[in-house]
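Enquirer: Below are the chains, spelled out letter by letter.
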Amino acid sequence: MRKRLQLIKEALSIGVVTRKYPFIPAEVPEGFRGLPQFDASKCIGCTACGNVCTPNAITFVDDTSLGIRRLEYYLGRCIFCGRCADVCPTSAITITKEFELASLNDRDLRLVIDIKLIKCQSCGRYFTTFRHLNTVAGKLQEGVVDLVNICPECRRKLALDSLIKLGGLK
Amino acid sequence: MHQLISSFEGLQGKVKGINYLNDGVVLVDTTPNSLFDVVNFITRELKGIFTVIIGVDAREIDGSFHNIYVFSLDELKKYVLVRVMLEGSDPKVPSITPLIKGADWSEREIRDLLGIKFINHPDPRKLIVPESWHDGVFPLRKEVSYKLRAHGPYEPYQPRRSEDVIALPYGPYHPLLHEPEYFELHVKGETVIDIEYRGFHVHRGIEKLGEARLTINQIPFVAERICGICGYVHSVCYCQVIEGAAGIEVPERALYIRSLILEIERIHSHLLWLGVACHVLGFDTGFMHAWRIREPVMHLAELLTGNRKTYGINLVGGVRRDLKEEHIDKVIKVLNEVKEGYTKFINYLTGVREVIKRLEGSGLLPRTEAISYGVVGPVARASALKRDVRVDHPYAAYKDVYFKVPVYNDCDNMARLMVRVEEVFESIDIIKQLLDKLPKGPILAENVEVAEYREGFSAVEAPRGEDVHYVMTGKYSRVYRWKVRAPSYSNIPALKVMLHECPLSDAPLTIASIDPCFSCTDRLIVVDVNTGKRFKVPMRALAKGWRP
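Listed in order, the protein sequences are those of chains A and B. Residues in the first sequence are numbered consecutively from 1, following this note's numbering. Residues in the second sequence are numbered consecutively from 171, following this note's numbering.
Quick caveat, the hints were computed from the structure, so don't treat them as lab data. Hints should not be assumed to be uniformly reliable.
Said to hold, decoys possible - BS3-like, lysine-lysine: derived pairs with alpha carbons at most 27 Å apart:
| no. | chain 1 | residue 1 | chain 2 | residue 2 |
| --- | --- | --- | --- | --- |
| 1 | A | Lys97 | B | Lys479 |
| 2 | A | Lys97 | B | Lys503 |
| 3 | B | Lys217 | B | Lys296 |
| 4 | A | Lys3 | B | Lys509 |
The task is simple: from the sequences and hints, build the whole structure.
Expert: What follows is the structure, given as C-alpha cells:
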C-alpha cells in the first residue's frame with residue numbers, strides 16, 4: 001500500500017509528459033531522415049536512385065515520342081531510407097527533416113521531373129539524357145569524347161568495324 | 171570443431187557428407203530414409219534443440235527440393251543443418267513431428283508453400299495459406315509469379331475440438347495486442363483445456379518478394395519491416411547471412427554500432443512489453459509509466475539512426491551511419507536517467523501485490539516441454555533453459571562484452587517478467603561497455619561481391635528470442651531463397667502447454683507473456699466444451715473474469 005502511495009507522489013513530481021502536438025511543433029534531431037527533396041536543375045537522369053529504391057517510389061520511364069526521360073517520385077510508397085540521396089552523383093537529392101507529409105490530395109504526393117533525351121548520332125535512337133552525357137563528357141580524356149554521342153550498341157559495332165579494317169579480325 | 175565431425179562417425183552410411191558453412195554452422199547431408207536416425211542422434215546424443223525446417227525449391231540447380239532441418243547445439247556453440255534432397259517431381263519425406271512437437275508448424279508451412287508431402291504428419295490442415303487457396307498452387311515454387319493471388323471461393327476455418335468443450339473465440343484482432351491472430355480457447359467451466367491457433371492473416375509473402383524482385387542490398391530495408399517492434403534484428407541477421415556466405419569482412423566499428431543499436435532496441439521492446447503486461451493486468455498506471463520511461467530511448471534511437479523505429483542503417487558489409495563522438499555523452503546521460511526511472515518503476519511494480527499474485531504460478535511451461543517445442547528467448551530462459559544466441563553463437567560485438575544471462579526455474583509468467591526486467595539492466599550495461607571499447611575505423615566494407623548459389627545461415631537474439639535467417643544467393647546479385655524464422659514462430663505453439671488447465675482469466679496474460687509478434691510470425695474464440703456454443707468475448711471482459 002505504501003509503495004502505491006509513493007507511486008502517486010512520484011507521478012505528481014514528474015507531472016504531465018504528454019506534449020501538446022500538433023499545437024506545439026515536434027522537434028526532430030539533426031540527421032533525421034524525412035522527405036527527400038529533388039533539385040530538378042541538378043538531376044541528370046542517370047537512374048541511379050531508381051535502381052537502389054527498394055519500394056519503387058522512384059521510377060523512370062523513357063518517352064520516345066516526346067524525347068524525354070521522366071522521373072516519377074511517389075511519396076506514398078517512400079520508406080524514407082535515404083538511399084537515393086546516398087547514390088546521387090550530383091547531389092540533386094537531399095534528405096530534409098520534414099515529416100508532416102499527410103495530404104488529402106494524392107497529387108500532392110507525386111513529383112515528376114522530365115529530362116531531355118538525346119539521340120545516337122549513328123543510329124538515331126534515343127539512348128540517354130543530354131545532361132548525363134554532358135556530365136560524363138566532362139570526366140573523359142581527349143580522343144574518346146567524340147564517341148560519347150554514340151549509343152553503346154553502335155559503339156560496339158564501330159569498335160568491331162575498326163578492328164576488321166585494321167585486319168585484326170576476318 | 172573436429173570433435174563434432176568425429177561424433178557423427180557412429181552414423182556411418184547414414185550421413186553422406188559433412189561440411190562447414192562457416193565457423194558456427196555445420197551442414198550434414200543425409201537421405202530421407204536415414205533422417206529419423208540422424209535427427210534422433212542430434213536431439214538425444216548432442217542435445218540439439220530443434221529450430222526450424224527450411225524448404226528450398228532447388229530444381230533449377232540440381233533438379234530436387236532441399237529440406238534443411240536446423241538444430242541448435244547450445245553447449246557446443248554450433249548450429250547443425252541436416253539437408254535432405256527430395257525428388258523434384260514428387261517430393262516426399264517422413265514427418266518428424268511425432269518426434270519433435272516444434273516441427274509441426276515448419277512442416278505444415280513447407281507443405282503449404284512448396285508442396286512437399288510429409289508422410290504421417292498428424293495435422294492435414296493448412297497453416298499459412300488461407301482455407302480458400304487453390305489446391306496445387308505452391309507460392310514459393312519458382313514457376314509461380316509473386317503477383318499470383320490464387321483465391322477460390324470462401325471456406326471457413328475448421329477448428330479441431332472434442333464434443334464436450336466450449337469454444338471461446340479470441341480475435342481476429344487481439345484487443346490488447348492490436349495484431350491479427352485467432353485463438354480458440356476450449357474450456358470446461360472456467361478451465362482452459364486446449365487451444366487452437368489460426369494465424370498468418372498478415373502473411374505478406376516477404377520471402378517471395380525478396381526472391382522475385384529485390385536485389386541483395388535492398389533486402390535489409392524490407393527485412394527491417396518484418397516486425398514493427400524489433401525489426402532491426404531481422405536486418406542485422408540478413409546482413410550477417412550474406413556476409414557469411416560471401417566471406418565479406420565487416421569492419422569492427424560497424425559490428426559495435428550494430429550491437430549498440432540492437433541493445434537500444436531490446437530496451438525499448440522490453441519496456442513496451444512491460445507496459446502491455448501491466449495493461450493486460452488492468453494496472454494502467456504501470457502501463458503509462460513504462461511507456462514514459464521508454465520514450466527517451468526512442469528519441470535516442472532517432473538521434474543515432476535517423477528514425478524512431480525503422481532505423482535503416484544496415485547494408486551488406488556494415489552500416490551506413492557512423493556514431494558521432496558528440497553523441498556518446500548524450501547516450502550515457504539518457505541511459506543513466508532511464509536506469510534511474512526504471513529502477514524506481516520496477517520497485518513500485520513488484521510492490522503491487524495484485525500484480526504479483528496474478529503472475530505467480532500461472533502459465534506454466536515445464537523445461538521438458540520447452541525443449542520439445544524448441545522455445546526461444548525470455549520464454550526459454552524463464553523455463554530454466556539457458557539459451558541466448560548472444561552467448562551460444564556470438565555475433566556482432568557480443569564476444570567483447572560481459573553480461574549475465576538471467577535464467578529462472580519457476581517456469582511461470584512471473585519468471586518471464588523477471589527475465590525481461592533483468593535484461594533491461596544488462597542491456598544498459600552492454601551499451602556502456604560497447605561505448606567504452608568502440609574502435610575507430612571504417613564502417614562499411616568495400617567491394618561487396620556475392621557469388622551465386624552460396625548458402626548462408628545466421629541467428630540473432632531478438633528481444634523475443636532467437637531470430638533465424640537462411641539465404642541461398644542467386645544470379646545477378648539477387649537471392650535465390652530467403653528464409654526467415656521469427657522468434658514468436660517457436661513460442662506460440664508452446665501456448666498449448668502453457669494454457670492447459672489454466673483459468674480462463676489468466677489466458678490473456680499468458681498469451682501476452684510470450685510477447686507474441688504476429689506480424690513477425692505471420693486470433694481467441696471461446697467454445698463451450700459442454701454445449702458447443704461459441705462466444706466472442708472482448709479481452710477486457712476476459713481479464714475481468716468473464717463467465718460463459
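Enquirer: Is lysine 97 (chain A) close enough to lysine 479 (chain B), meaning Cα to Cα at most 27 Å?
Expert: 16 Å, holds
Enquirer: Checking one constraint from the list: CA of lysine 3 (chain A) to CA of lysine 509 (chain B), max 27 Å. Satisfied?
Expert: 19 Å, holds
Enquirer: Verify the proposed pairing of lysine 97 (chain A) with lysine 503 (chain B), using a straight-line Cα cut of 27 Å.
Expert: Holds, at roughly 25 Å.
Enquirer: Verify the proposed pairing of lysine 217 (chain B) with lysine 296 (chain B), using a straight-line Cα cut of 27 Å.
Expert: 31 Å, violated
Figure legend: structure checked against the earlier numbered hints; the only hint not met is number 3.
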